[in-house]
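Got chain C; can you put chain A on it based on the hints?
2 protein chains.
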Amino acid sequence: MATKWGIYSAGKICHDFVDSVMSMKTTDHQFVAVGARKLTDAQAFAKLFDIPKAYGSYEELAKDPEVQVVYIGTVNSQHLPAAKLMLENGKHILMEKPLTINTKQNEELFALAKSKKLFAMEALWSRFLPSYEFAFQELAKGTIGDVLHVTANLGFPNADVIRVATKELGGGTVLDVGVYAINIVEQVFGGEVPEKVEAVGHLNKNGVDFDFAAALQYKNQKTASISCHSMLTLENEATIVGTKGIIKLGANFHACQKVYVNDKVHEFAFPEPIVPTVYGSTGLCYEANEVRKCLKAGQLESSVMSREASLTISRIEDAIRKQIGVVYDVDPPLQL
Amino acid sequence: MATKWGIYSAGKICHDFVDSVMSMKTTDHQFVAVGARKLTDAQAFAKLFDIPKAYGSYEELAKDPEVQVVYIGTVNSQHLPAAKLMLENGKHILMEKPLTINTKQNEELFALAKSKKLFAMEALWSRFLPSYEFAFQELAKGTIGDVLHVTANLGFPNADVIRVATKELGGGTVLDVGVYAINIVEQVFGGEVPEKVEAVGHLNKNGVDFDFAAALQYKNQKTASISCHSMLTLENEATIVGTKGIIKLGANFHACQKVYVNDKVHEFAFPEPIVPTVYGSTGLCYEANEVRKCLKAGQLESSVMSREASLTISRIEDAIRKQIGVVYDVDPPLQL
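Going down the list, the sequences are from chains C and A. Sequential numbering from 1 applies to the first sequence in full-length UniProt numbering. Sequential numbering from 1 applies to the second sequence in full-length UniProt numbering.
Treat the hints loosely; a few may be bogus.
Covered by chain C, according to a simulated footprint, are these stretches of chain A (three or more residues, beta-carbon under 8 Å) [to be verified]:
id, stretch
1, 114-121
2, 140-152
3, 233-244
By construction, these hints were calculated from the structure, which means they are not laboratory data. Glycine residues also receive a C-beta, built at the ideal position from the N, C-alpha and C atoms.
Just chain C, same shape as in the assembly (with noise of 0.2 Å):
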């Protein structure tokens, strides 16, 4: 039986999820409903890719009985409340990066997850890419010896979107892209929490970040570096380093198509997309196949992705911004 998905919101990241898991022409996912603000917007979605139901609330994509898990891609400040109406509602959810705006959000959605049973993960869909499996499986290889050091670096001249250059909306470039660049250290040194997170940036006028470097230290010898812009575009690779060569994400590295590992090239290409994606990637499809195996199998938790790395990941972003002075009207109070 398909695994049955309501999307929240059909903005442009649902969208391209739709879009990327219909792209692998699987009778696997079925969309059966989609919910927006407006009407108008969940009807012309549901038009675009043929789904059943169309909600002009959330409230009513949360009540509807033949909905299993949703795909949550609304905004960051939004991420909580909607973790929470759909959970409360019995539905399983996969919530687009970042979880939430901060560490403490995240624990109570953890929490609220767990009472329930029901299954949550953030949607870090970098992790379930075939290039990221085939990367992993050399690194466990000992392809390239003992991992020291990790770069990684990711930009796009985006400051002027909305999403992005808004504090009320959870904008910045830490949960914007800092989110991915975080990921791949995360998940390279095995989930290990930083001894050391120095970091540096520049913050617009409504005190978000539009940029920032962090210098990360790690027990027995290990390093990282992160930059990442809302200004530029970076090289936007990822660069895992050992002490008998390397192994580079391709740009994007967080959509990661070719693999170098000590300079020889690997190929992993998407599915072709049945509509013009929005952020042009099908990479988002890989994801809804480890939801649907957590949820055939019963785990409320993929071992791949973590509840306990999405908090690691979240408290580095959480000492980024603290150092950079980046603070949302949600997080606690700051530590004196």
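Chain A in isolation, oriented as in the chain C frame:
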């Protein structure tokens, strides 16, 4: 008339410097003497490169009236004493990087050079490479727009080499290779002093760093990320990112022979060595031409590698060392 050089030390970098200058097959430079602690070392060096005079002490080199300018290639901890000996005896100096151990020593060296009206320059040879000249011409032309970010990483597995591992010799990655990464950032940002330097790193059992990562913040929305290592070969590239594109100095960027301007490659070959080089580069020759040019023009300072640039670089070195806890005996007391 040829510029008349003395060579301070018969070690590896002096070998490559002389090798490189001779490989230019020019009559502009003449090596008149080499000095070492052991006469036999100086004699072997002199024989290899057909240098007329070999001295078993640096005092003799300093007193040789024929020597006009001395290239100093001894261990870091000996840089200031060596500079003093030569300057006190009226010799111009070209000092292998890092100029000295810290900013205080640099200031002392430059004050002495100034009082003696002698030329003194840090041998940051990268700045004089044809590849750097080309890259900086492109930057000046605005080819990649406004530069807002620089990334540089440099690492070689040399943690066990005594001069790198030993604190008394001025060891550590900051002074060994970090200087090159800091140099390119300093040059790109036109001598600007960073507002913030945030660094992490690990120390060996002798108390010097075997790796570090640093994030630098500059005014007007500029940042830089630096990673250096003595246990790994990193990618060893420097990436300069502007609003209209990227200029990348290919590996090894401090001895760059390939410049990528928005992915179009431009190649710059070094001369063929006259005998095999130790470090694999004959790119050291170009700085010698700068020294000659300045001396002929009566300039005691190079505009390409100014004294102020050396001081800015050493201030960043000091800041990184302070944060990661590398303290040399000659460092001034910490400000509490």
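Right, here's what the structure says about each hint:
Proximity of the stretch 114-121 of chain A to chain C, defined as three or more residues with a beta carbon under 8 Å from a beta carbon of that chain, is not established by the 0 residues found. Residues of the stretch 140-152 of chain A with a Cβ under 8 Å from some Cβ of chain C number 3, which satisfies the need for three, so the listed coverage holds. Here's how the stretch 233-244 of chain A fares: 7 of its residues keep a CB closer than 8 Å to some CB of chain C, so the rule of at least three is met and the hint holds.
Checked against the numbered hints above, the structure breaks only hint 1 and satisfies the rest.
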